[in-house]
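Please model the complete structure; the sequences and the hints are all you need to start from.
Protein chains: 2
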Amino acid sequence: MEEILKEIVQKTDSKIVLIVLDGVGGIPKDGKTELEYAITPNLDELAKKSACGLTIPVLPGITPGSGPAHLALFGYDPIKFQIKRGILEACGLDIKLEKGDIAVRGNFATLKDGKIVDRRAGRIPSEECKKLCEKINSEIKPISGVKLILYPGEEHRFVLIMRGEGLSDEIEDADPQKDGLPPKKAKPLSSDAEFTSNVVNSFIEKVNEILKDSSPANTVLLRGFSKYPSIPSMRELYLLSPLAIAHYPMYKGLARIVGMDVIDVGPTQDDILKALKENFSNYDFFYLHVKKTDSYGEDGNYESKIKIIEEFDSKLPEILNLNPDVLVITSDHSTPSLLKAHSWHPNPFLLYSKWERYGGSERFTENECRKGSLGIFYAKDAILLMLANALKLKKFGA
Amino acid sequence: MEEILKEIVQKTDSKIVLIVLDGVGGIPKDGKTELEYAITPNLDELAKKSACGLTIPVLPGITPGSGPAHLALFGYDPIKFQIKRGILEACGLDIKLEKGDIAVRGNFATLKDGKIVDRRAGRIPSEECKKLCEKINSEIKPISGVKLILYPGEEHRFVLIMRGEGLSDEIEDADPQKDGLPPKKAKPLSSDAEFTSNVVNSFIEKVNEILKDSSPANTVLLRGFSKYPSIPSMRELYLLSPLAIAHYPMYKGLARIVGMDVIDVGPTQDDILKALKENFSNYDFFYLHVKKTDSYGEDGNYESKIKIIEEFDSKLPEILNLNPDVLVITSDHSTPSLLKAHSWHPNPFLLYSKWERYGGSERFTENECRKGSLGIFYAKDAILLMLANALKLKKFGA
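Just so you know, the sequences run in chain order A and B.
Just so we're aligned, residue 637 is where the first sequence starts under this note's numbering, counting upward by one.
Just so we're aligned, residue 637 is where the second sequence starts under this note's numbering, counting upward by one.
Treat the hints loosely; a few may be bogus.
The list makes no distinction among identical chains, and a pair is therefore deemed to hold if it is satisfied within one copy or across any two copies.
Claimed, not checked - Lysine-lysine pairs mimicking DSSO-like chemistry, simulated, CA-CA at most 27 Å apart:
hint, residue 1, residue 2
1, Lys1030, Lys665
2, Lys716, Lys1030
3, Lys783, Lys910
4, Lys684, Lys1007
5, Lys848, Lys820
6, Lys720, Lys748
7, Lys647, Lys814
8, Lys976, Lys684
9, Lys642, Lys685
10, Lys668, Lys1007
11, Lys668, Lys684
12, Lys783, Lys927
13, Lys863, Lys842
14, Lys766, Lys1030
15, Lys720, Lys684
These aren't lab readings, by the way, just hints derived from the structure by calculation.
These numbers come from a predicted model, not from an experiment.
Here it is as structure tokens:
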């Protein structure tokens, strides 16, 4: 696909708006999904004149995390381009990563008589975690030219970023995985990783020295060494100028990885909409992220998920007033309230443009989208439909 | 797919008719596509008892040229088998190519004081181009055993065919691409191409000598060196005896490349139908090409495209009277009158045979075909459905 795109993609003035209602798809409760129960006159009207379908995020039956689900929507094969856990954690803490960085998941832990007696250091409060990270950051100097920076997370968790030349992520976890075992050194999984491994072990020694009088958190465990992924950017692949309008750090991080500009916005739908209006003339691709459909799905809160959908419906006319050339409303994955978790179910997908076929769908719901002109297709191909409808793709072959 | 076919394909007496209504699919104008607007009682009746669906020519969102779109319909992955531009141009001029041939796109141009001052030689009339080609063909002798033949095109354009042993197409264009620059020699892109490159440069020198008193066309520019593709034939792959019934050279050329016999027919639907009847006993696969649905689509002529569809509908009973075992009516790509160009939209597909499931489609239209028993599928798989319904495929595995 990348080869083909290189030949046919062209820069134009047309604008694409991609709205992700995170986890919006559901399964029926008393016969109706959240989307079916919600009263959505504006979405209903739009669905009737849009190309609708269902997207499979990864493969049928596969439940994706936010990483692969979003990558697919941005046009990346989520099986080929996998983002490692440490990088995703770093995205979740809104850490601005650089190419070559190694991100590592860390725990504060308790070391006693040569053994890790509590891998979570009694789940210290987040506030203490923050103080410990600050203490270490202020005392640790670069090791063999490598900067090491800790970012506090919830309770005992943090993320370590290693920044410098010649780093590798082919490192076995420096974590015994179970309480009652001696600490484990980082081990290189390839000869390229020996330098990094030595830096990590020297870092752990220095931290142990800094924390020697601290209790219960007096050491660190490190796992999930992950290099910043080398993914071709949306700018290169699609010749787009993309902007991400999302409040939550994870989604901002994912957007940065694929080369989007990212702005800070508040958490409400009004905040997101205001940012879209303010920036509409400066970009040609907009990724808007609405989180709460997913959060209420995860909580099993069927009624509140419906309210978020209805709130979105009430804002829709303002988005249409901007006259984007292509408007897509969909989701990254489903989060049925009944399951209280991400699920494998395909996502409702709606594409509105003056160049698409329409007909078949009376509403923006799972069942009605399936009857639409696009049928069931892979989420990774959605970007091709957006680019095609924005007339940004030339003919393939003569 | 080729591996599997080898095991299961068998020769039988059953007959397959594949009718391509070029570019027939559309997008709605005032709510209706050309197919939806057309009055087609025969197609409607056939659709009700046929397996219908929609085919994706290459990938969702990708608009194909005629080459990849037809290759897919003939069962070739259009991404794996790409036909280069020079070969397609040669097809378009109805040049009978042989394996090993190199086809090259050429321009007559004006050389003055060591510079190409007009890459198009003032767009000389096609008649003059023809005379120049004849002059060169009559005076040029084979160079190092390689025959060089010019075929005139429109205005200053021609196609050069190189025929001989050991030729390569890994040659950089002998064309400065811009006016005001000195002429460029052909350059080999690999050591295998040195022989070909020398032949090309010696050819250009000889042409310059032949045209030295001609004006404004006194030299040639050559680009897009393309080797005749090595594609397994439909005879080998499917054990078919295929006949192409098409008027326009491009489609005849494509059919020859996949190993079909090709006959000369006039441009009307009656001409095509007559040829089908006359040859029906001599082959077991017939590819019929109706061009004008595409031409009127490209012209943005919604009404005339509808008339061609209605004309085809009126001929349909004569085709059904021949009792083919499998009848497929579809398109290579869509050409919506509103877009005035090829498009990415899937093609309506109808397969009539006594062994297929039917139901769901009331008409042969984009929306009604989508509701049919075949759903949305890739065009390259259509040949498997045709062969299966002709009972030409044995069981796969025990």
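Here is how each hint holds up against the structure:
| no. | hint | in the structure |
| --- | --- | --- |
| 1 | Lys1030 to Lys665 | between (45 Å within a copy, 23 Å between copies) |
| 2 | Lys716 to Lys1030 | both (26 Å within a copy, 19 Å between copies) |
| 3 | Lys783 to Lys910 | neither (38 Å within a copy, 69 Å between copies) |
| 4 | Lys684 to Lys1007 | both (11 Å within a copy, 16 Å between copies) |
| 5 | Lys848 to Lys820 | within (18 Å within a copy, 75 Å between copies) |
| 6 | Lys720 to Lys748 | neither (32 Å within a copy, 62 Å between copies) |
| 7 | Lys647 to Lys814 | between (54 Å within a copy, 23 Å between copies) |
| 8 | Lys976 to Lys684 | between (30 Å within a copy, 25 Å between copies) |
| 9 | Lys642 to Lys685 | neither (31 Å within a copy, 43 Å between copies) |
| 10 | Lys668 to Lys1007 | both (17 Å within a copy, 18 Å between copies) |
| 11 | Lys668 to Lys684 | both (20 Å within a copy, 14 Å between copies) |
| 12 | Lys783 to Lys927 | neither (34 Å within a copy, 66 Å between copies) |
| 13 | Lys863 to Lys842 | within (23 Å within a copy, 60 Å between copies) |
| 14 | Lys766 to Lys1030 | neither (52 Å within a copy, 32 Å between copies) |
| 15 | Lys720 to Lys684 | neither (40 Å within a copy, 42 Å between copies) |
In this structure, the earlier hints numbered 3, 6, 9, 12, 14 and 15 are contradicted, and the remaining ones agree with it.
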